[in-house]
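Enquirer: Residue numbers (our numbering), protein chains in the order written: chain Y, 2 to 242; chain B, 3 to 237; chain S, 60 to 326.
There may be inaccurate statements among the hints.
Said to hold, decoys possible - Pairwise CB distance ranges (calculated):
no.	chain 1	residue 1	chain 2	residue 2	range
1	B	Phe20	S	Gln191	49 to 59 Å
2	S	Pro288	B	Leu66	41 to 51 Å
3	B	Gly235	Y	Gly238	34 to 44 Å
4	B	Phe234	Y	Asp33	26 to 36 Å
5	B	Asp4	S	Lys209	40 to 50 Å
6	B	Leu85	S	Leu103	26 to 36 Å
7	B	Gly235	Y	Asp177	20 to 30 Å
8	Y	Ser74	B	Tyr156	40 to 50 Å
9	B	Lys143	Y	Asn16	22 to 32 Å
10	B	Ser144	Y	Gly45	34 to 44 Å
These aren't lab readings, by the way, just hints derived from the structure by calculation.
Glycine included, each C-beta is placed from N, C-alpha and C at the ideal position.
One-letter residues, chain by chain:
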Amino acid sequence: MINNIHPTVEIENLNFSYKGKPLLNIDYLKIDKPGITVVLGPNGAGKSLLLKLIQGIEKPTFGQIRLNGMPVSDKEGHQCMVLQTPTFLRLSVYQNIAVCLRRDNFFLGQDQKNEVLAMLEKVGLGDKINLPARLLSGGEKQKLSLARALISRPKILLVDEPTSTIDPATTSFIEDIIKTRAENDTKIIFVTHDIHQALRLARHAIMIYKGNVVEEGDVERFFKTPNSPHTRDYLAGKLLR
Amino acid sequence: MDFIIEIFNLALELIISFDEVVFEIVWLSIKVSFTALILSCLVAVPLGTVLGLNRFFGRNFLILLFNTLMGLPPVVVGLSVYLILSRSGPLGWMNFLYTPYAMIIAQMILIIPIVTSLTCQKVEELFMEYRELFLSVRVKKSQQFWVYLLDARYALLTIFLAGFGRAISEVGAVIIVGGNIDHVTRMMTTAIAMHTSRGDLSLAIALGLILLFIALLVNLTVFILKVIAKRFGYD
Amino acid sequence: MVMIKTLYIFIILLSASRLVAGEIILQSTTSTKNSGFYDYILPLVKKSIDVDVKVVAVGTGQAIENSKRCDGDVLLVHDQESEIEFVDKGYGVKRYDLMYNDFIVVGPIEDELNLRNETDIKTVLRKIYESQKIFLSRSDNSGTHRKENKLWELANLKPLKYSGGWYLETGLGMGATLNIAAGKNAYTVTDRATWISFRNKSDLDILFEGHPALFNQYGIIVIDKNFCPNVNISDAEKFVKWLMSEKGQEIIDSFRLGNEQLFFRSN
Chain Y
2 MINNIHPTVE IENLNFSYKG KPLLNIDYLK IDKPGITVVL GPNGAGKSLL LKLIQGIEKP
62 TFGQIRLNGM PVSDKEGHQC MVLQTPTFLR LSVYQNIAVC LRRDNFFLGQ DQKNEVLAML
122 EKVGLGDKIN LPARLLSGGE KQKLSLARAL ISRPKILLVD EPTSTIDPAT TSFIEDIIKT
182 RAENDTKIIF VTHDIHQALR LARHAIMIYK GNVVEEGDVE RFFKTPNSPH TRDYLAGKLL
242 R
Chain B
3 MDFIIEIFNL ALELIISFDE VVFEIVWLSI KVSFTALILS CLVAVPLGTV LGLNRFFGRN
63 FLILLFNTLM GLPPVVVGLS VYLILSRSGP LGWMNFLYTP YAMIIAQMIL IIPIVTSLTC
123 QKVEELFMEY RELFLSVRVK KSQQFWVYLL DARYALLTIF LAGFGRAISE VGAVIIVGGN
183 IDHVTRMMTT AIAMHTSRGD LSLAIALGLI LLFIALLVNL TVFILKVIAK RFGYD
Chain S
60 MVMIKTLYIF IILLSASRLV AGEIILQSTT STKNSGFYDY ILPLVKKSID VDVKVVAVGT
120 GQAIENSKRC DGDVLLVHDQ ESEIEFVDKG YGVKRYDLMY NDFIVVGPIE DELNLRNETD
180 IKTVLRKIYE SQKIFLSRSD NSGTHRKENK LWELANLKPL KYSGGWYLET GLGMGATLNI
240 AAGKNAYTVT DRATWISFRN KSDLDILFEG HPALFNQYGI IVIDKNFCPN VNISDAEKFV
300 KWLMSEKGQE IIDSFRLGNE QLFFRSN
């Protein structure tokens, strides 16, 4: 498994339509470079949709997405996603994480319990394990959602605007966690509108406009000399729709 | 007015004096209805959850069927169970007719559609809410099943109450399959029916008040549980 | 595995509920039960012959149907004609005259039709028929309902064509029908035992009684084991034999509600 080191996402001839209206259209896209990849684009361009398709939450109308050469399936996979508006079960913070570790047993072993506690400690929720998840603040919810995705050690982590509604301190806290995880061989693809955040974190950027990939490339080049007029407008804060 | 006061006095007297006969009837009612409820839930909760979580051919038909069966007339259930359990019926060898078991079976048939339909509805609601979440972190289907039930636990309590209410207040079915036999199958409702036919209306209503009181206790318990849950943020 | 074990335990528990020796089911008419007759007599039965009798009280017609489905060991009803037919067709072993009382006509206490002074049931029914005062019929195939039909026949009247008018078919038990009669201040035919034990009489009273045609015979039959193999024949026969014995008949005769005797020995 050579691909273990740099997981690959390969998209070929992909189309997603809703009621006959195409929302995403990608002829070919390969994400295989090390480091974090950021997906940029105006609202409604199809960024979140792209992540959901990679995760297997949505199914393409036609075309294929392969992760490390294997087609995406909704049954198994090594990818996890942090949703834009994280949802919480009517369970405690602890149970919200524990859910993802259960495989065959309903009750977790001691090792797994420790793992959950360590993860909660890491995201700064160590003192809230018995609190109902629904009572957490916005930032805490994002942290919990992130912890839930990380606990199963995904090879690919998809993050959808994790810090859009969060204060600067928490934002940098979450960024640190993402960065650490990326250094530990997890391929991270994330969506953001925060251009500075993209610069801080990512090594590779993809620009989506009206359901099409209009530009991709190394972050520094991407921001300095954008090729596509859409990218140029977007970065200049001009493009709205 | 005197009539009403007399009834209330009688009901109070029966409760306070811990009347042995009344206590026996009340206890049997509770035993039978609780057993029927528990056994029904063992069937109906998994069934409702499977219906709520999966999309398969015939699903809508099944949902429609269970919704319709919620309105099943108890007398029809009683007669059907009677014909099946009758000594000349297919399950006559079990000798269940005129025993509490027959009443449990009849009540189960009345409860199962209610618990199945309501569980299915609740779980489907949660499924809409959590579908993406489960796909985003990949939890096995068999595990999801338990998580949905755990998540719906307080909603399920209300559903169980609905089932219990249907069981304990029902008379048409249990009087046919139980026979209202003294000390064996006499329940609150059949006793009420019997005293009505004896023209002993005040005793009948007094028993009815006791039935109401039990229903109140059960509802109160669940209500308190829910209030506690709400206080801790699990509603 | 756990499921199978639970199921297994459940089945064992269930089989423990089967009727045991010393228990019989009596398919009975309601009047005997509602009057408290069984509460009086069954403890004595238990003491004398150690048989537990479980009483299922329904109308005569339904009791006979239930017995035909083998859901009883002994049948106690009050419609001689269908009882004899029951035995003739091989459902029952033998029919005994157990006890008797009589039917009565009840109605509004004011007695507008002056029925109290009549001597013939035919005239009584004719007066009700002609006055078109509300009359309630059980219409549930019970012993009382069959008796009522025979009385109309005797009077050569056909009230059924007025069903829904002044002749109302309740389709209910005697008690329920009496409750309606009390509410509507209507006339109806009832057995004496139910009437005496009925507590919601309100403005109703006995308006006619004591005519030979109003005789109410209760019969008792053991279900035939050849037809229903499940019948607990030994205990059923013990029970009937005891009731028909001198002691049993004396006890039947001694049952009182208030100061009134409800059933009279036949033997």
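Enquirer: Decide, hint by hint, whether the structure agrees.
Expert: Hints, one by one, checked against the model:
1. B:Phe20 to S:Gln191: 49 to 59 Å: holds (52 Å)
2. S:Pro288 to B:Leu66: 41 to 51 Å: The hinted range 41 to 51 Å holds for S:Pro288 and B:Leu66, with Cβ atoms some 43 Å apart.
3. B:Gly235 to Y:Gly238: 34 to 44 Å: holds (41 Å)
4. B:Phe234 to Y:Asp33: 26 to 36 Å: The hint (26 to 36 Å, Cβ to Cβ) is violated, given that B:Phe234 and Y:Asp33 are roughly 47 Å apart.
5. B:Asp4 to S:Lys209: 40 to 50 Å: holds (42 Å)
6. B:Leu85 to S:Leu103: 26 to 36 Å: Between B:Leu85 and S:Leu103, where Cβ atoms are some 35 Å apart, the hint holds.
7. B:Gly235 to Y:Asp177: 20 to 30 Å: holds (29 Å)
8. Y:Ser74 to B:Tyr156: 40 to 50 Å: With a Cβ separation near 34 Å, Y:Ser74 and B:Tyr156 fall outside 40 to 50 Å, so the hint is violated.
9. B:Lys143 to Y:Asn16: 22 to 32 Å: With Cβ atoms ~28 Å apart, the hint holds.
10. B:Ser144 to Y:Gly45: 34 to 44 Å: holds (37 Å)
Going down the numbered hints, you'll see the structure goes against 4, 8, while the others check out.
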